[in-house]
Structure formats: structure tokens, C-alpha cells
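J.: With the sequences and hints as input, model every part of the structure.
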Amino acid sequence: NAGVTQTPKFQVLKTGQSMTLQCAQDMNHEYMSWYRQDPGMGLRLIHYSVGAGITDQGEVPNGYNVSRSTTEDFPLRLLSAAPSQTSVYFCASSPKGQGARGYTFGSGTRLTVV
Amino acid sequence: AQSVTQLDSHVSVSEGTPVLLRCNYSSSYSPSLFWYVQHPNKGLQLLLKYTSAATLVKGINGFEAEFKKSETSFHLTKPSAHMSDAAEYFCVVDNQGSNYKLTFGKGTLLTVNP
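Chains L and P, in that order, are what the protein sequence lines are.
The numbering used here puts the first residue of the first sequence at -1, with every later residue one more than the last.
The numbering used here puts the first residue of the second sequence at 2, with every later residue one more than the last.
Accuracy of the hints is not assured; some may be wrong.
Simulated crosslink set (DSS-like; lysine-lysine; CA at most 25 Å straight-line) [unchecked claim]: (1) K7(L) - K102(P); (2) K102(P) - K69(P); (3) K7(L) - K43(P); (4) K94(L) - K50(P).
Since the hints were made in silico from the structure, they are not lab data.
T.: So, in C-alpha cells, the structure goes:
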């Protein structure tokens, strides 16, 4: 099993550009989420999904869009990148019924917006 | 709302000496608590988790943590530090109403000196 796969691992964007961070899991996990990590802030929840077709906002959703058309994929879209979105982004998934106890994290995407 | 406070942003120990990373939590219900470790430029790895079973939780690599409800603490300890323990450590609590959501502490950077 590959687990949770994030692509790309590194990305540099110019202010105003758009891009999609990809997250895929092959464990048939129902729950998926996106976090951002900033120095001295820990990880903060951006968006999450409890199943295909269902998404909701987390703590810091502004500037990000998500969709969940399949169980496997949960892409994160930046429509117009800003320097404040420079961060490391982690995707995570969990099986039904296990909640936070069953989390598996991806290896992260390091995004720099210049 | 749930919250986590890691009392030290940086802890420095000598190899072979004990490690203590302190975490206090705030929750209006019985939470699940976790410790994650992140080595430089790596993803997050689960060290251990407390989910209302035994209050003394043993994790990987010789780490353990004790849940103390009266003190609202979940401190992480290890009897003897190894150079490979140098990393950032996050104390994490799940969120009431949606046990898939996690609230992270701001992290404690552990330095191990030879």
C-alpha cells in the first residue's frame, strides 16, 4: 500500500497564480483532510471531507477550495496564490469510525509563493 | 473549545539523560490525546495515543506519556535520550463534536547534545 500520496513535494508560485495540490489515498479511508504547517503555529485544519461529495471548512479555509468526487482523491486548490499561503501542506486520511485515532499523514507539499 | 498548550518551545538535553516534554490540554469532555514527531523536512509520525483506556501510554522508540485528568496534562517522557530523538514534537487533541478534527500544539523542538 502506498498510503497517502501528496504531489508535488515542492512548488514555487508567483503571486496570483493558481495551482492544485494533489492528495490520494489507497486505503479506502472515508475521512480526508488538509492541514497547513507554519513555524511556531503547529498544524491548522484548512478543509476536511467525511466522504465523497461532502466537504466542510476547517480553521483556516480562506483562499482554498476543495472537492471530493471520489473516495481516493481530495485535491486542494489555490485560486490566486498569496505570499501568506507560503507553508507546508499535509493531507491526512482516516477510516470510518476511527476518527483521529486512525489518522495517516502524507509526506507534505512545501509551497513557496513569491 | 479544545486547546493544547506545549509549555516549552525548545528543550535541550544531553544524550543519555531523561526527556520531558510538557503538554497541558483544555477540553470540556474526555478527549483523545496524541503525540506526533516530525524529523527535519519529514512528515508526521504518530508516537503514541491515549483514547480513554490505560492512563499510562507506551509508544514507539521508548517514549511514554501519562494522562492526568486532575492536572489536565499529557506529558511525554523518555528515560534516556538518543541523538536520533532530535526532532519537533507535537501534542494533539481531538475535537468535540467531530472526532476527526485535530487541534495541534505549537510544537516543542528537542535538541540532543552529544
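J.: Taking the hints in turn, state whether each one holds.
T.: Consistency of the hints with the structure:
1. K7(L) - K102(P): holds, 24 Å
2. K102(P) - K69(P): holds, 22 Å
3. K7(L) - K43(P): Judged against 25 Å, a Cα distance of about 11 Å means the pair holds.
4. K94(L) - K50(P): Holds - the C-alpha atoms of K50(P) and K94(L) are around 18 Å apart, at most 25 Å.
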